[in-house]
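Chains as they are written, first to last, in our numbering: chain A, 1 to 147; chain B, 1001 to 1147; chain C, 2001 to 2147; chain D, 3001 to 3147; chain E, 4001 to 4147; chain F, 5001 to 5147; chain G, 6001 to 6147; chain H, 7001 to 7147.
Since the hints were made in silico from the structure, they are not lab data.
Do not take every clue at face value.
[Claimed, not checked] Only part of the chain D face toward chain C is listed, based on derived beta-carbon distances under 7 Å:
no.: 1; residue: Phe3056
no.: 2; residue: Asp3059
no.: 3; residue: His3060
no.: 4; residue: Ser3063
no.: 5; residue: Lys3064
no.: 6; residue: Gly3067
no.: 7; residue: Lys3087
no.: 8; residue: Trp3091
no.: 9; residue: Phe3095
no.: 10; residue: Ala3097
no.: 11; residue: Pro3118
no.: 12; residue: Leu3119
no.: 13; residue: Glu3121
no.: 14; residue: Val3122
no.: 15; residue: Ala3124
From the three backbone atoms N, C-alpha and C, an ideal C-beta is built for every residue, glycine too.
What follows is each chain in one-letter form.
8 protein chains.
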Amino acid sequence: MQWTVYLSGEIHTDWRQQLKQGAETHQLPITFTSAVTDHAASDAAGDVLGKEVEDFWRDHKSSKVNGIRTKTLIERYDIAVVRFGDKYKQWNAAFDAGYCAALGKPYITLHNDDIIHPLKEVDAAAMAWAQTPEQVVEILKYVISKQ
Amino acid sequence: MQWTVYLSGEIHTDWRQQLKQGAETHQLPITFTSAVTDHAASDAAGDVLGKEVEDFWRDHKSSKVNGIRTKTLIERYDIAVVRFGDKYKQWNAAFDAGYCAALGKPYITLHNDDIIHPLKEVDAAAMAWAQTPEQVVEILKYVISKQ
Amino acid sequence: MQWTVYLSGEIHTDWRQQLKQGAETHQLPITFTSAVTDHAASDAAGDVLGKEVEDFWRDHKSSKVNGIRTKTLIERYDIAVVRFGDKYKQWNAAFDAGYCAALGKPYITLHNDDIIHPLKEVDAAAMAWAQTPEQVVEILKYVISKQ
Amino acid sequence: MQWTVYLSGEIHTDWRQQLKQGAETHQLPITFTSAVTDHAASDAAGDVLGKEVEDFWRDHKSSKVNGIRTKTLIERYDIAVVRFGDKYKQWNAAFDAGYCAALGKPYITLHNDDIIHPLKEVDAAAMAWAQTPEQVVEILKYVISKQ
Amino acid sequence: MQWTVYLSGEIHTDWRQQLKQGAETHQLPITFTSAVTDHAASDAAGDVLGKEVEDFWRDHKSSKVNGIRTKTLIERYDIAVVRFGDKYKQWNAAFDAGYCAALGKPYITLHNDDIIHPLKEVDAAAMAWAQTPEQVVEILKYVISKQ
Amino acid sequence: MQWTVYLSGEIHTDWRQQLKQGAETHQLPITFTSAVTDHAASDAAGDVLGKEVEDFWRDHKSSKVNGIRTKTLIERYDIAVVRFGDKYKQWNAAFDAGYCAALGKPYITLHNDDIIHPLKEVDAAAMAWAQTPEQVVEILKYVISKQ
Amino acid sequence: MQWTVYLSGEIHTDWRQQLKQGAETHQLPITFTSAVTDHAASDAAGDVLGKEVEDFWRDHKSSKVNGIRTKTLIERYDIAVVRFGDKYKQWNAAFDAGYCAALGKPYITLHNDDIIHPLKEVDAAAMAWAQTPEQVVEILKYVISKQ
Amino acid sequence: MQWTVYLSGEIHTDWRQQLKQGAETHQLPITFTSAVTDHAASDAAGDVLGKEVEDFWRDHKSSKVNGIRTKTLIERYDIAVVRFGDKYKQWNAAFDAGYCAALGKPYITLHNDDIIHPLKEVDAAAMAWAQTPEQVVEILKYVISKQ
Chain A
1 MQWTVYLSGE IHTDWRQQLK QGAETHQLPI TFTSAVTDHA ASDAAGDVLG KEVEDFWRDH
61 KSSKVNGIRT KTLIERYDIA VVRFGDKYKQ WNAAFDAGYC AALGKPYITL HNDDIIHPLK
121 EVDAAAMAWA QTPEQVVEIL KYVISKQ
Chain B
1001 MQWTVYLSGE IHTDWRQQLK QGAETHQLPI TFTSAVTDHA ASDAAGDVLG KEVEDFWRDH
1061 KSSKVNGIRT KTLIERYDIA VVRFGDKYKQ WNAAFDAGYC AALGKPYITL HNDDIIHPLK
1121 EVDAAAMAWA QTPEQVVEIL KYVISKQ
Chain C
2001 MQWTVYLSGE IHTDWRQQLK QGAETHQLPI TFTSAVTDHA ASDAAGDVLG KEVEDFWRDH
2061 KSSKVNGIRT KTLIERYDIA VVRFGDKYKQ WNAAFDAGYC AALGKPYITL HNDDIIHPLK
2121 EVDAAAMAWA QTPEQVVEIL KYVISKQ
Chain D
3001 MQWTVYLSGE IHTDWRQQLK QGAETHQLPI TFTSAVTDHA ASDAAGDVLG KEVEDFWRDH
3061 KSSKVNGIRT KTLIERYDIA VVRFGDKYKQ WNAAFDAGYC AALGKPYITL HNDDIIHPLK
3121 EVDAAAMAWA QTPEQVVEIL KYVISKQ
Chain E
4001 MQWTVYLSGE IHTDWRQQLK QGAETHQLPI TFTSAVTDHA ASDAAGDVLG KEVEDFWRDH
4061 KSSKVNGIRT KTLIERYDIA VVRFGDKYKQ WNAAFDAGYC AALGKPYITL HNDDIIHPLK
4121 EVDAAAMAWA QTPEQVVEIL KYVISKQ
Chain F
5001 MQWTVYLSGE IHTDWRQQLK QGAETHQLPI TFTSAVTDHA ASDAAGDVLG KEVEDFWRDH
5061 KSSKVNGIRT KTLIERYDIA VVRFGDKYKQ WNAAFDAGYC AALGKPYITL HNDDIIHPLK
5121 EVDAAAMAWA QTPEQVVEIL KYVISKQ
Chain G
6001 MQWTVYLSGE IHTDWRQQLK QGAETHQLPI TFTSAVTDHA ASDAAGDVLG KEVEDFWRDH
6061 KSSKVNGIRT KTLIERYDIA VVRFGDKYKQ WNAAFDAGYC AALGKPYITL HNDDIIHPLK
6121 EVDAAAMAWA QTPEQVVEIL KYVISKQ
Chain H
7001 MQWTVYLSGE IHTDWRQQLK QGAETHQLPI TFTSAVTDHA ASDAAGDVLG KEVEDFWRDH
7061 KSSKVNGIRT KTLIERYDIA VVRFGDKYKQ WNAAFDAGYC AALGKPYITL HNDDIIHPLK
7121 EVDAAAMAWA QTPEQVVEIL KYVISKQ
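Start from the sequences and build out the full structure, keeping to the hints where you can.
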C-alpha cells in the first residue's frame, strides 16, 4: 500500500529533505507532497494573471493559485507533517493544521519545545508532536511498515 | 432570524466589546460566541483534572478542554470574525480560520495592513478583510439586516 | 412547521412581492429569505472595506460580502425559487441553482417558455418549472399545507 | 501524480484544444474531461429513449442524460476551468460553477474583462480568473509541476 | 424533547390515525409528518404547472412536486415508520426505505408476516419490524419517554 | 477512464447479459457489478453462519450478508441501472433506487410502460428511463465514449 | 444557549444523578440525555415485537430498538460523557465512544486510573479524562458558562 | 476488483492467520490490513517521541501514534472483521466497531456464543456474526467472488 505524506510549513531548513531521505533509507512506500516551497515563485504565483497595484491583491491572487494546489493535496493525503520553525509568523502552517483538523485527518507537528505554549491548540488536535525529523521518520516507519 | 457570530483571536484589546456595542446600537439580532477570553483561566482549564509535571501536558489538557467549547461553537456559528493583533504568535486564530475554511463556513478577518503578507493564506479563504471593528459592524449590519 | 423559502434571481419585476402576498393570502407558514435586492447597495456591499481602483476587485469584494449572506441562507432554506427574467445575463441565478443542486436541495425554476432551451441544465436539476408566480404559490400551498 | 482537469462552458472556440496542446507541450500529467461538446449530439442525447412532442421534455431528457456524464466528471475532477464566451446565455457554465463551489472544489474562470460585472458571483467563488488559455496553461503548469 | 416521526407507505387503511391516537393517549411529544395521502391530489400535484399529453410526464411532474415535500420531511425526521399493505406495488415505500437507509436514519417497518420474504432487504436495514400499529406505538413510547 | 456500472433488480430475464454484450460490442470501458443473481444462493447467503428456525431470521441474516456486497458496490459505482420486470414485488430494486437517490448518485430505470404509474417516484429521481436494454447500451455508449 | 449532554455507560452507580445535581447547583443550561438505564426494561425493549426462542435474536431486537434512541441522541448531543465502572464488559460504552469519535464529536471519559491501559484508545480520542463526577461538573461549568 | 479487509481486535490467537490462509486457498482478491499486532511494540509506539513519567501519557502518546494507522485503514477498508476473544477488556475492538458503525461501513463480528449478551450493541450494528474463522472465510468468499 502506497501512503501519501503532505509536508506543510517552514521552508528555510532542510527538514523536508531529511524526511525524504529517511523514507528512502527505510524503503517506505511514501509519496511526499507539498505546497510550492520556492518562496519567490510562491509569492509570484498569480502574476501571470496580470500585475496588481495593491499588495493585498497580489498576495490574494497568488495565495488562491497556491490554494488550488494545497487544497487538493490536503484532501488527498494520508498523513501530514506540519513544521513550525523559530522565525516568522507561519500562519499558513497553523491554517493548514486547522484545515486538516476540521477534515478529521491525522497530522504530526514538528517543532522545538520553546514554542509549546503558543502551539497548544495546534498540538492538541495533532496525533503526535515530534521535535526532530528523525522522530518523524521513526513514526512513519512504524505506522506504515510495522507488521 | 437570529444570527450567531463567533469571535476568534486576539484577547488583549476590546474589539469584541466594540462589536457587541455596534450590534446593540443597530439592534442586530446577533448572539455572539467566543472561546474563554480570560487568559489565566484558559491556560488552567484542565487543571481540575489533575496537576501535570510537564508543561506540554498541562497545555495539552487545557487546550482540549477549551476545544470542547470552541469546536462546538465553530460548528454552530453563522459568521466568524478572526482577529489578529500586533503581538504574539496567535497560531490559534490561524488554526481556527483553517478549521472554518475546511468546513466551508464564512469568516471575516480583522487586522492591520502591516501583516497582509504573512496572513495571505488566511485572507485568501476569508469572505472579507476588515481593518477596524467599525467596518465589521457595517458588514454585519448589511449582511443581516439589509432589505 | 415553519418553512423557509429562498428567492433567488431577477430583481426587476415584483415576483418576490407576489409570492409573499400569495403566501399571506393562504396563511402559509413561510419565512422568505433572499439576497439583498437593492441593486446599488449590492454592488457597493464591499465599499465600506476601502475603495478599489480596479472594477474587478470592487466587484470581487462586494460579491464576497454578499456571499456571506447568500451562502448562509442557501444552506438554511427548505425550498428555493430561482427566477430568470428576459434581460441581463443572470449568471448569479444559474450559479445559485448549481449550488443548490450540488447540495441536493430542492428548487423550483420560474421563467417563460422562450428560454427553455438555454435553461435546460438548470431545469433538469429542478423539482419543478413554473411560468407564473401564481403557479409557484399553488405549489408552495400544496407542498406545505396539504393534508 | 496524475491530475484531472474538467473543462466546462463555451463550445464555439478552440480553447479546449489550446489547453490540451499547452499541457502536452509542457508534458503535464493531465487527463482532460468535459461534457459532450458536439452541440447537435448533446441536444439529441435523450432521443434514443423515445421522441418527445414537447420541446421542454426533449430538452429535459437530453439534459439528464448529459447530467449522468457531467455530474460524475465534476465529482471526480481536481481542477475545473469554466469558460464564458461573448455569445449565448451560457447558464449551464454558471450552473457548473455553482455546483463546483458547493462541493468546495477549485475552479478557474476564463473570460474577457467586458463581462466582469455579470460574472462577479461566479468569479468570487473561483480560485483564479484568467483571460487567455495561455494563462490557464501557466497556472496549471505551476500548480501541477512546480517543485 | 420533541420527536418527529415520518409515516411512509400505504394509504388505504387507517394505520396513520391509529399511531396518532396512540401517541395522544400516551401523551408522547411527537410531531407526525407524511407525504400527501390524498391519492387523487397526489397524482395531480403537478397539474397546476400545465397539462401533459403523456402519462409519463404527468406522473413525472407530480412525483417531483411531491418530492419537494417528502425529501424535506425525510431529511428532518427522527424516526420513520414504513408501512407495506397487501395491495399494489408500493415501490414508493421501498424507495423511501432505501433513501432513509442511505442517510443512515432509523426506520421501523410495519407489515404482515406473509410478505417477509420479498421485504427482506427492506427489513434488514430497518431498526425494527412491527406487525401492528399497537406495537409501533409501544416502541415509540419506549424510545421517546422511557426513563 | 474506466466506468463502473451497477446492475440492480430483476434476475429472471437476460437483460444483464444483453448489457454486457452491448458494452463489449462497442468496446466500452465498463466494469459491471451486481448483487449475487443466483436466487437460491442469495437466499442461503447466511446459512453458513448457522441454521435458523424462523424464516424471518433466515431472511434477515442472508439479506445482511448480501448487503455487505451490495452496499459496497453501490457506494463505488458510477452509473446504476435498476430493472423492474413484470413479476414479483421487486422491493429490493426500489430500495436500491432510493439508496442511490439519497447518495445523490445517477441511475437509469429499465422497465415497460405498463408500470409507469407505480414507479413514478422511482423514475422521478432517475436520470433516465429506458424500455429496452438496447436503449441503455446507447445511453452508456454516449455518456462514456462520445467525444 | 442550551447545551445537550449525553451520558453513556455504567448504570450501577449514581454518577448520572451526581452530574445532574451538579448542573442544577450551578444552574447550567444543560439538557441531559441517555439510553434507557433500567437494565431489565432495556433487555426487554424488543419483546413487544414478539417473543424469541434464541437469546441472540432477543438481544438483537432489543439492541436495535434501543439503537433508535441512542443513535438519535448521539447525533444530537453537544458533549458526551462516557463512564466505565469496575465491573462487566461495558462494550456498549466503548462502542458509543467509537461512534462519537467517528462523528468527530467531543466526549469526556470518566473512569478510575486502574483501567487506564485497556482504555487507552478510548481515552486517546477523548477531549478529557475525569476520575470523578465532580471533575466532570467543573469541566461542564467551565465550558458552558465561563465568560 | 480488489477488496480490502480490515482485521480488528484480539491478538492472542491466530485467527488473522486463518483468514489469510483461507483467502489464499480460495484465491480471493483481498488485501488484509490491521493495527500493529505486536503488543509490546504497540504499547511503545510513542516512546520514540520522548519518555513519559506518567503511565497515562505514555499510553496516550502510543495510542495516538497507533491511531494514525488505524484511522487511515478504517477509512479505507471495504469489509472489517472485529474479533472478541475470551480474555481482557478489548475495549479497543468495541471502539473500532462503533467507529465503523458511525461511518456506515460494514463489519462482521467474530466471537463465541458465551459473550452474546455483553456484545449485543456491537452485534446489532454488524452485518453478520460469525463464531469461527472458517465461517468468515465462507462469507468473504461468497461476498467477493460469487457470480
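Status of the hint placing D/Ala3097 at chain C (closest C-beta pair under 7 Å): Because about 6 Å separates D/Ala3097 from the closest Cβ in chain C, which is inside the 7 Å limit, the hint holds.
Hey, does the D/Pro3118 contact hint survive, CB to chain C under 7 Å? holds, 4 Å
Close enough to count: is the Cβ of D/Ala3124 nearer than 7 Å to one in chain C? holds, 4 Å
Taking 7 Å as the limit, does the beta-carbon of D/Asp3059 come near enough to a beta-carbon in chain C? This interface hint holds because 4 Å falls under the 7 Å limit.
Does the CB of D/Lys3087 sit less than 7 Å away from some CB of chain C? Status violated, d = 11 Å.
Hinted contact D/Phe3056 with chain C - closest CB pair below 7 Å: Holds, because the Cβ-Cβ distance from D/Phe3056 to chain C comes to roughly 5 Å (cut-off 7 Å).
Status of the hint placing D/Leu3119 at chain C (closest C-beta pair under 7 Å): Holds - the Cβ of D/Leu3119 comes within 7 Å of chain C, reaching about 6 Å at its closest.
Chain C contact restraint on D/Ser3063 - CB to CB distance below 7 Å: Interface hint status for D/Ser3063: holds (4 Å vs cutoff 7 Å).
Classify the hint on D/Lys3064 as holds or violated, based on whether any CB of chain C lies nearer than 7 Å to its CB. The hint holds - D/Lys3064 has a Cβ within 7 Å of chain C, the shortest such distance being about 5 Å.
Can D/Trp3091 be said to touch chain C, with a Cβ gap under 7 Å? This hint holds: D/Trp3091 lies near chain C, its Cβ roughly 4 Å from the closest one there, short of 7 Å.
Restraint check, 7 Å cut-off on beta carbons, for D/Glu3121 near chain C: It holds, given that the least Cβ distance between D/Glu3121 and chain C is near 4 Å, below 7 Å.
Any CB of chain C closer than 7 Å to the CB of D/Phe3095? holds, 4 Å
Taken one by one, the earlier hints fail for this structure only at number 7.
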